[in-house]
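Required output: the full structure, derived from the provided sequences and hints.
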Amino acid sequence: MSIFRRGSVWYADFTAPDGKRIKQSLGTEEKRQAQELHDRLKSEQWRIERLGDFPDVTFDDACLRWLEEKAHKKSLDADKGRIGFWLIHFQGVLLKSISEAKIYAAVSKMTNRKHRDNWESKASSLRKRSDVVEPFVEVPVSISTKAKHLALMKAIMRAARAREKG
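If you read the sequence shown in full-length UniProt numbering, its first letter stands for residue 1, the second for the next number, and so on.
Incorrect hints may appear among the rest.
Pair by pair, the computed Cβ-Cβ distance ranges are [unchecked claim]:
(1) K20 with L87: 23 to 33 Å
(2) L67 with A147: 12 to 22 Å
(3) K31 with A147: 44 to 54 Å
(4) Y104 with D61: 21 to 31 Å
(5) T58 with T145: 22 to 32 Å
(6) R163 with F136: 39 to 49 Å
(7) A159 with K20: 14 to 24 Å
With a straight-line Cα cutoff of 35 Å, these simulated DSBU-like cross-link-like pairs (lysine-lysine) come out [as the list claims (entries may be wrong)]:
(8) K23 with K70
(9) K73 with K122
(10) K109 with K74
(11) K154 with K73
Derived by calculation from the structure, the hints in this document are not laboratory data.
Even glycine gets a Cβ: it sits at the ideal position worked out from N, Cα and C.
This is the structure in structure tokens:
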């Protein structure tokens with residue numbers, strides 16, 4: 001059994017099939033739960049090495065990693081805005097369950113978020129003056145906006161896949 005305790009928290013310590021040593025906190029104080037987590041980690045490492053499977057990484061984790069790695073970019077603020085759009089659709093979703101069809105379905109429903117913000121500010125000022133407020137009408141985004149969002153998603157997915165391979 002390659003689990004041990006430091007204080008009240010259990011830790012795992014084992015060698016992955018590729019020879020890399022894995023030593024990390026299991027974040028639990030119960031021995032049975034720690035053993036289950038250890039076994040799950042070990043089997044996941046085996047699947048990654050032997051079957052070419054990829055670990056369970058969420059889209060949120062991939063986005064955080066992307067932002068950390070690309071902190072030097074001048075267009076990081078634009079990336080943050082685009083990531084905000086993708087998080088609406090894929091927050092908490094595992095990367096391996098995000099398909100091309102789901103990505104294109106999200107892009108096809110894109111509407112201009114800035115247009116909504118502008119309409120809301122205009123509507124609130126009209127209400128203050130007791131004027132008539134026209135109903136909100138969704139405006140689709142341009143093709144170039146869709147292309148920029150798709151390019152960022154492709155880059156995030158490619159970077160996550162490369163990180164897991166090597």
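Verification of the supplied hints:
1. K20 with L87: 23 to 33 Å: Between K20 and L87, where Cβ atoms are some 31 Å apart, the hint holds.
2. L67 with A147: 12 to 22 Å: 21 Å, holds
3. K31 with A147: 44 to 54 Å: About 52 Å separates the Cβ atoms of K31 and A147, which means 44 to 54 Å holds.
4. Y104 with D61: 21 to 31 Å: 23 Å, holds
5. T58 with T145: 22 to 32 Å: Roughly 25 Å apart at Cβ, these two residues keep to the hinted range, so it holds.
6. R163 with F136: 39 to 49 Å: 41 Å, holds
7. A159 with K20: 14 to 24 Å: 20 Å, holds
8. K23 with K70: 27 Å, holds
9. K73 with K122: Measuring from Cα to Cα gives roughly 34 Å; hence the hint holds.
10. K109 with K74: This hinted pair holds, its Cα atoms lying about 28 Å apart.
11. K154 with K73: Status holds; Cα separation ~17 Å.
Hint compliance for this structure: every hint is met.
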